[in-house]
Amino acid sequence: MLAALLIVFREVFEAGLIIGIVMAVTAGVVGRGLWVAAGVAAGVVGACVVAVFTGGLSELFGGSGQEVFNAGILSFAVIMLTWHNVWMARHGRELAAELQAAGEAVVAGSKSLAALAVVVAIAVLREGAEVVLFLYGVAAAQGGASWSMVAGGGIGLVLGSLVCLATYLGLLTIPARYLFGVTSTLIAFLAAGLAAQAIAFLQQAAIITALDQTVWDTSWLLSDSSFLGRALHTLIGYVDQPTAMQLVVYMATLAVIVVLMKVFAAPSTEHPQTA
Amino acid sequence: MTGTAHRKIGAGIVTALLIAAAVGCGGARAEDPVSLSVTIKNQKFEPAELHAPPDKPLAIHVKNLNTIPSEFESSDMHFEKIVPAGAEAVVRVRPLQPGRYNFFDDFHRATQGTLVVP
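Sequences listed follow chains C and F, in order.
Residues in the first sequence are numbered consecutively from 96, following this note's numbering.
Residues in the second sequence are numbered consecutively from 370, following this note's numbering.
Don't read these hints as lab results, they were simulated from the structure.
Just to be clear, a hint being listed does not mean it is correct.
[Stated by the list, open to error] Think about it this way: if two alpha-carbon atoms lie no more than 16 angstroms apart in a straight line, the pair counts; the simulated EDC-like pairs of lysine to aspartate or glutamate are:
1. K432/F <-> E457/F
2. K432/F <-> D445/F
3. K425/F <-> D307/C
4. K413/F <-> D445/F
5. K432/F <-> E442/F
6. K432/F <-> E154/C
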């Protein structure tokens, strides 16, 4: 029961951090509950499908199918997060102004919600697939699901969901005028971290071998398998022994997001240009 | 934002990824990885201790002879890979300094092993 609790909690915790951020980012946007719920549901279905086909998936790409698949969906999440931030840089202000108005603002808001729902789905899919395989393994070993496994998993799910709720409520305590800045920053770091994770998978598969030397080792200070290390890994991509390539891609992702946000930023309304 | 702008962003990101991939492939090491093998059976690694030379890329082949899935993982060597029951998988490890590196089955934490680099 303890093993089920720990594994389910750990995975729900990681997905929960991301869902909590998405909920805070979309606070006040009409229909966001449905979008996020749809993302979670799609992620759960996806997790089961991936779990069932893990064997076949592994054999693709010369035995590196899992790595290629993970790198692929992580890259997709990075693109969605980037797109969201750029979109918000352009439309954030008008969205905030017209939040209560029906019509265009809501329609426009849902575009960005769709991108975030995809991110939620990917987070749930990745963490969920591990949970499904683990619980299946426990059930298979016992010759069927047991109450202790269900109870352990259930408690893990509830505790993990509390993390999601705490993240959300914590972010909501930030005054509204800073919230956009904080969440944009969080999302930029989240995207950079996911991009670095994608690189780690490609390096594990030996698809990328350049710049694979370890840049630093802070495992003595904060191991990325510790509780705090895992949280920071999910949030900002903390790795205790990053490779040079991971670092390069991390910085490049941040730079691309910042530049795109600047390029596509809404023209300032405070200094209207004279014709 | 216009559709063209979306495409530009997409194209930019794809280009960046392609460049990264090209650099990665172009810089591929001529050196072949050193192959190591380990099996998981009755929730134990066999052998529980592997040996590898320092400063060489490694390829660890793992075969899961349990009847349930495993997750072959190492925080020290930075890999994690699900190995379905009866399946075989390979993980690549970048060149290691001398030392002892722990690996485990994340789905059954009691299943532990060590890689020794002299």
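Status of each hint after checking the structure:
1. Restraint check for K432/F and E457/F: the C-alpha separation of about 4 angstroms stays at or below 16 angstroms, so the hint holds.
2. Taking the CA atoms of K432/F and D445/F, the gap is near 20 angstroms; set against the 16 angstroms cutoff, the hint is violated.
3. Restraint check for K425/F and D307/C: the C-alpha separation of about 12 angstroms stays at or below 16 angstroms, so the hint holds.
4. Simply put, K413/F and D445/F have alpha-carbon atoms about 19 angstroms apart, too far for the 16 angstroms limit, and the pair is violated.
5. With a C-alpha separation of about 13 angstroms, the suggested pairing of K432/F with E442/F holds against the 16 angstroms cut-off.
6. Using a Cα cut-off of 16 angstroms, the hinted pair K432/F and E154/C holds, with the two alpha carbons roughly 13 angstroms apart.
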